[in-house]
Amino acid sequence: MKWIFIVEDCTTKWVELFPLKQATAKECALTLLNEVFLRYGLPRRLISDNGSQFVSAIMQQLCYVLNINQSLIPVHHPQANPVERKNRDLKPRLAMMVGNNHTLWNEQLPAIRFAMNTAKCETTGCTAAYLNFARELRTLDDVTTDLRSVIHNDNFVPEFTPYLKRFERNMSQIKENIEKSQDRRKAYADKSRKPSPNFKPGDLVWVKLHPLSKANQSKSAKLMPRKDGPYVILSQKSLTTFVVASCDKPDEPLGAYHVSALTPFQNVIQNQSPVVPLRRRGRPPKQPSVSNESPGENAKISKIKPPRRDGLRRCRGRM
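For the sequence shown, UniProt numbering begins at 1 and goes up steadily by one.
Treat the hints with care, since some could be wrong.
With a straight-line cut-off of 25 Å between C-alpha atoms, the simulated DSS-like cross-links for lysine-lysine are [stated by the list, open to error]:
| hint | residue 1 | residue 2 |
| --- | --- | --- |
| 1 | Lys-2 | Lys-21 |
| 2 | Lys-237 | Lys-227 |
| 3 | Lys-180 | Lys-200 |
| 4 | Lys-219 | Lys-186 |
| 5 | Lys-120 | Lys-86 |
| 6 | Lys-249 | Lys-208 |
| 7 | Lys-175 | Lys-186 |
| 8 | Lys-249 | Lys-200 |
| 9 | Lys-194 | Lys-227 |
| 10 | Lys-120 | Lys-208 |
| 11 | Lys-237 | Lys-208 |
| 12 | Lys-237 | Lys-222 |
| 13 | Lys-86 | Lys-21 |
| 14 | Lys-191 | Lys-120 |
| 15 | Lys-2 | Lys-214 |
| 16 | Lys-21 | Lys-120 |
| 17 | Lys-194 | Lys-237 |
| 18 | Lys-175 | Lys-200 |
| 19 | Lys-180 | Lys-194 |
| 20 | Lys-86 | Lys-219 |
| 21 | Lys-191 | Lys-208 |
| 22 | Lys-86 | Lys-26 |
| 23 | Lys-175 | Lys-120 |
| 24 | Lys-208 | Lys-227 |
| 25 | Lys-2 | Lys-26 |
| 26 | Lys-180 | Lys-86 |
| 27 | Lys-219 | Lys-208 |
| 28 | Lys-237 | Lys-249 |
| 29 | Lys-91 | Lys-120 |
| 30 | Lys-86 | Lys-186 |
| 31 | Lys-222 | Lys-208 |
| 32 | Lys-91 | Lys-2 |
| 33 | Lys-249 | Lys-227 |
| 34 | Lys-227 | Lys-214 |
| 35 | Lys-222 | Lys-186 |
| 36 | Lys-194 | Lys-208 |
| 37 | Lys-120 | Lys-2 |
Treat the hints as calculated values from the structure; they're not laboratory data.
Work out the full structure, taking the sequences as your base and the hints as a guide.
Here's what the structure looks like:
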């Protein structure tokens, strides 16, 4: 196993972890269909990055047949994908569970998944298991309560009805908590955020690159350019996302880019001043004086050659 396929429900924060031998489009599509969709139901929307597995024809056909709205985040902008937060929680837990044996890491995923789904989420204030199954899962500590005491009661219906009403109220409160948490994070991020340029369709922009080092080609990412362009903006998908294309092929969009990856294009070559020759060191050459008096008609102008210095030196040596 080489890859971990992470699936998260954005509302309940329920997480599924699947080890994969190959991260191909077929493997990801079959995992979603057999392990997620046919177990928990079909979602209305699927958010993913721009990896080749998710932009492939197989994944697009799967979403089309199941009537799922596929949403791709901006290119090289993982902040727009909610599941990226789970990657930060998964890495330290996986390192703690694996220890020194790094070959059997896939055997630790079920225990890590159970711990993540039964832990209380700071955003929602509840566990993912409670929001997904309307009850808490019994853990090793056995400190939470489940529906077993209610089911074994003789008055099952009178006891169960207020429980469902209370769960509905909790779901409404959880949605408000999620919105408040998002507003709080946005206000914190806006403190250090600079205003973005007002791009519009037709503007030329630089696009930020993410080069990778290639040892077999003797190329280092540190020496590669950080921006490429110019590219033209075709349309605006949201307040911070723009679709760009090459100036040579404006009919072929390259993808949606976040405003943080775009810079206004300025043609620096045309705005440069002409090159001025450097001044030589030493005295400037004397300019011949021009008199205001015009020579007469009968005046003759003759050129007098200066004496040759090398000839004087030869004569001086003979004397």
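| Regarding the pair Lys-86 and Lys-186, is the alpha-carbon distance no greater than 25 Å? | Holds: Lys-86 and Lys-186 sit about 19 Å apart, inside 25 Å.
| request: Decide if the proposed pair is consistent with the structure: Lys-175 and Lys-120, CA atoms, cutoff 25 Å inclusive. | output: holds (15 Å)
| said: Between the alpha carbons of Lys-237 and Lys-222, is the straight-line distance 25 Å or under? | reply: Given pair Lys-237, Lys-222 is violated - Cα atoms ~32 Å apart, limit 25 Å.
| field | Given pair status - Lys-26, Lys-86, alpha carbons within 25 Å | value | holds (24 Å)
| query | Under the criterion that the straight-line Cα-Cα distance not exceed 25 Å, is the pair Lys-120, Lys-208 satisfied? | reply | violated (38 Å)
| Straight-line alpha-carbon gap Lys-227 to Lys-214, limit 25 Å | Holds. Lys-227 to Lys-214 sits at ~18 Å (cutoff 25 Å).
| query | Between Lys-2 and Lys-26, is the straight-line Cα distance small enough, at 25 Å or below? | reply | Roughly 16 Å between the alpha carbons, so the hint for Lys-2 and Lys-26 holds.
| Taking only the CA atoms, is the gap from Lys-194 to Lys-208 under or equal to 25 Å? | holds (17 Å)
| query | Hey, Lys-249 versus Lys-227, does the alpha-carbon distance stay inside 25 Å? | reply | holds (19 Å)
| Under the criterion that the straight-line Cα-Cα distance not exceed 25 Å, is the pair Lys-237, Lys-227 satisfied? | holds (22 Å)
| request: Would you check the hint for Lys-175 and Lys-200, treating anything up to 25 Å between C-alpha atoms as holding? | output: violated (34 Å)
| request: Below or equal to 25 Å on CA atoms is what counts here, so check Lys-194 against Lys-237. | output: With a Cα-Cα distance of about 21 Å, the restraint between Lys-194 and Lys-237 holds, given a limit of 25 Å.
In summary, the structure is inconsistent with hints 3, 4, 10, 12, 14, 16, 18, 20, 35 and 37 from the numbered list given earlier, while agreeing with the others.
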